[in-house]
Amino acid sequence: MTDRDSRQIEHEAAAWLARRDGGTWDRDEAARFDAWIAASIAHRVAFVRLEAAWAASGRLKALGAGVRAGTVPPRGEWRGEQRGKGHGAPAARAAPSARPHRRMALAGGAVAALLVLAGGLGWGWREFVATEATSYATAAGEMRTVPLADGSAVTLSSGSAIEVRLSRRERHIDLRRGEAFFAVAHDGTRPFAVSVGARRAVAVGTRFAVRRDPEEMRVIVTEGLVRLEAQAVPDGSPAPSALLPAGSVATARASSVLVRTGSVGDAERLLTWRSGYLVFHDTSLENAVAEFNRYGAQRLVIGDAAVGLIRIGGNFRWANSEAFVRLLEDGFGIRAERHADRIVLHSRKDS
Amino acid sequence: MSAELDSWFIREVLVHEQALERYLRRYRPHRDDVHDLRQDVYVRVYEAAGKGLPNAPKSFLFATARNLMTDRLRRSKVVSIFTMGDFDGQNVLVEDVSPERELSGRQALARLAEALDRLPDRCREAVWLRRVEDLPQKAVAQRMGVSEKTVEKHLAKGMRLMAAWYYGGDAGSGETRRAAGEDDDRSGQQTDRA
Numbered sequence: 001m002t003d004r005d006s007r008q009i010e011h012e013a014a015a016w017l018a019r020r021d022g023g024t025w026d027r028d029e030a031a032r033f034d035a036w037i038a039a040s041i042a043h044r045v046a047f048v049r050l051e052a053a054w055a056a057s058g059r060l061k062a063l064g065a066g067v068r069a070g071t072v073p074p075r076g077e078w079r080g081e082q083r084g085k086g087h088g089a090p091a092a093r094a095a096p097s098a099r100p101h102r103r104m105a106l107a108g109g110a111v112a113a114l115l116v117l118a119g120g121l122g123w124g125w126r127e128f129v130a131t132e133a134t135s136y137a138t139a140a141g142e143m144r145t146v147p148l149a150d151g152s153a154v155t156l157s158s159g160s161a162i163e164v165r166l167s168r169r170e171r172h173i174d175l176r177r178g179e180a181f182f183a184v185a186h187d188g189t190r191p192f193a194v195s196v197g198a199r200r201a202v203a204v205g206t207r208f209a210v211r212r213d214p215e216e217m218r219v220i221v222t223e224g225l226v227r228l229e230a231q232a233v234p235d236g237s238p239a240p241s242a243l244l245p246a247g248s249v250a251t252a253r254a255s256s257v258l259v260r261t262g263s264v265g266d267a268e269r270l271l272t273w274r275s276g277y278l279v280f281h282d283t284s285l286e287n288a289v290a291e292f293n294r295y296g297a298q299r300l301v302i303g304d305a306a307v308g309l310i311r312i313g314g315n316f317r318w319a320n321s322e323a324f325v326r327l328l329e330d331g332f333g334i335r336a337e338r339h340a341d342r343i344v345l346h347s348r349k350d351s
Numbered sequence: 001m002s003a004e005l006d007s008w009f010i011r012e013v014l015v016h017e018q019a020l021e022r023y024l025r026r027y028r029p030h031r032d033d034v035h036d037l038r039q040d041v042y043v044r045v046y047e048a049a050g051k052g053l054p055n056a057p058k059s060f061l062f063a064t065a066r067n068l069m070t071d072r073l074r075r076s077k078v079v080s081i082f083t084m085g086d087f088d089g090q091n092v093l094v095e096d097v098s099p100e101r102e103l104s105g106r107q108a109l110a111r112l113a114e115a116l117d118r119l120p121d122r123c124r125e126a127v128w129l130r131r132v133e134d135l136p137q138k139a140v141a142q143r144m145g146v147s148e149k150t151v152e153k154h155l156a157k158g159m160r161l162m163a164a165w166y167y168g169g170d171a172g173s174g175e176t177r178r179a180a181g182e183d184d185d186r187s188g189q190q191t192d193r194a
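Sequence order for the protein chains is F and Z.
Going left to right, the first sequence walks through residues 1 to 351 as the numbering used here numbers them.
Going left to right, the second sequence walks through residues 1 to 194 as the numbering used here numbers them.
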């Protein structure tokens with residue numbers, strides 16, 4: 001599969017896609033195409049890639065607004081829209097067939113730029129006025145993903161609360177309690193900041209999670225780059241900040257920031273709560289129980305020091321701490337004492 | 001081999017093409033080599049995903065790229081100590097290749113417009129008439145005064161070049177620049193550089 005020239009395959013894929021796009025696609029051709037695409041994954045992958053980009057190019061229709069039918073505008077007509085300064089310098093080389101209509105095309109292009117610009121304003125309008133705060137919260141044992149108006153999505157872990165303010169300058173999230181995972185839509189003009197007390201984690205377009213504990217803030221970055229800032233200290237000296245690449249786990253306390261950068265996979269493992277699981281690898285029961293208590297509704301208590309030192313591993317549903325406790329009873333000789341509001345875990349010896 | 005797998009691939013893998021190309025190019029400066037490597041990486045990722053979707057697609061993609069390059073280096077006779085030393089570590093430097101490129105609608109349009117403008121004249125004209133004006137290939141052929149076969153070839157080229165810029169961005173720009181230097185292939189002859 002590696003030795004066929006990838007460019008050759010890409011040309012074949014493009015030829016198929018163009019032929020299928022034409023008007024004469026018949027059953028025979030479809031059968032030959034099916035055989036071609038089934039022949040190797042390299043064919044399939046090359047085709048899927050071109051097809052997806054071609055489908056995306058359907059957006060180009062927006063450029064046709066206000067351009068006379070049959071006219072191909074010169075290059076660069078739409079730059080004005082992108083830079084927001086009207087009719088940018090149009091590139092010189094008009095297609096030969098477009099030349100007779102050049103004047104027309106330029107005028108049309110200007111109209112198109114205006115229309116698209118207006119479209120952009122409509123888009124921006126929401127951001128402009130929507131500065132009032134919106135709050136979201138989850139109860140213990142609950143998890144929820146909420147879409148934000150800028151296209152980002154927030155997944156709130158159990159027992160968490162956030163307040164969202166989207167303004168023209170900034171997208172600001174106040175993490176009141178708990179933990180949340182942010183899949184941030186890219187917007188270079190409006191940084192996305194999550195604050196916990198005096199600290200903020202700032203991103204432009206990335207994926208990261210922030211957790212608030214009484215004493216510390218934890219930031220886990222799984223994609224992109226996040227800047228961790230502290231509010232300027234009262235005497236006006238600049239606040240220190242740390243850049244966190246993907247794979248980072250940063251723990252910030254009142255006066256210190258500890259950054260551990262490992263693989264993205266390791267960082268992701270700390271975020272498995274999003275799929276409803278807690279994953280432990282050689283974790284002390286004390287820490288595992290702390291995790292369960294963070295996410296699950298049922299409270300677990302370590303009854304004696306020995307039990308807290310037992311090391312466990314595996315994937316567990318955080319919503320079902322009862323099943324976790326039963327596994328501990330069966331597999332680790334742990335005795336569970338069930339109370340109305342908590343389950344206390346003891347090592348069997350001391351019973 | 002399903003539509004679902006295809007759309008996963010588009011959504012989670014192709015969006016990183018620019019970063020992937022940059023990563024590959026860092027170790028394999030020859031463009032053709034990078035094109036082949038990229039295909040092999042995609043094939044491996046697609047094959048593996050067919051057996052079960054990785055839950056961190058981006059790191060999986062880069063880990064695959066790294067493994068592939070390591071394999072190739074081991075097989076090749078001449079190995080540069082520097083290259084070998086560079087990615088012998090356990091961690092793929094995903095973080096330093098670039099943040100994910102998730103395009104908003106507006107950015108996608110800007111990028112596509114740029115891709116369109118990089119096409120050779122006749123090719124650009126064919127793509128405009130077909131994609132923006134939505135004319136069938138037959139009508140495009142009449143408008144341009146060429147055969148349908150020629151339109152098909154212009155479009156095929158447009159599809160390749162648009163994809164290179166749309167997914168590859170700056171990294172794929174070499175591809176489009178090559179094409180711009182090409183003839184305007186009025187004859188419809190495709191210039192193949194296999």
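It is worth saying that the hints were derived from the structure and are not from the lab.
Misleading hints may appear alongside valid ones.
Stated by the list, open to error - Now the stretches of chain Z that chain F is said to cover, found in silico as 3 or more residues with beta-carbon under 8 Å:
hint : segment
1    : 4-10
2    : 46-60
3    : 122-135
C-beta atoms are modelled at their ideal positions from N, C-alpha and C, and glycine is treated no differently.
These are the hints, each one checked on the structure:
Counting residues of the segment 4-10 of chain Z whose beta carbon lies closer than 8 Å to any beta carbon of chain F gives 3, which meets the minimum of three for the stated coverage. Coverage of the segment 46-60 of chain Z by chain F holds in this model, with 6 residues showing a Cβ closer than 8 Å to a Cβ of that chain against a need of three. Closer than 8 Å: that is the beta-carbon criterion, and the segment 122-135 of chain Z has 11 residues meeting it against chain F, so the requirement of 3 holds.
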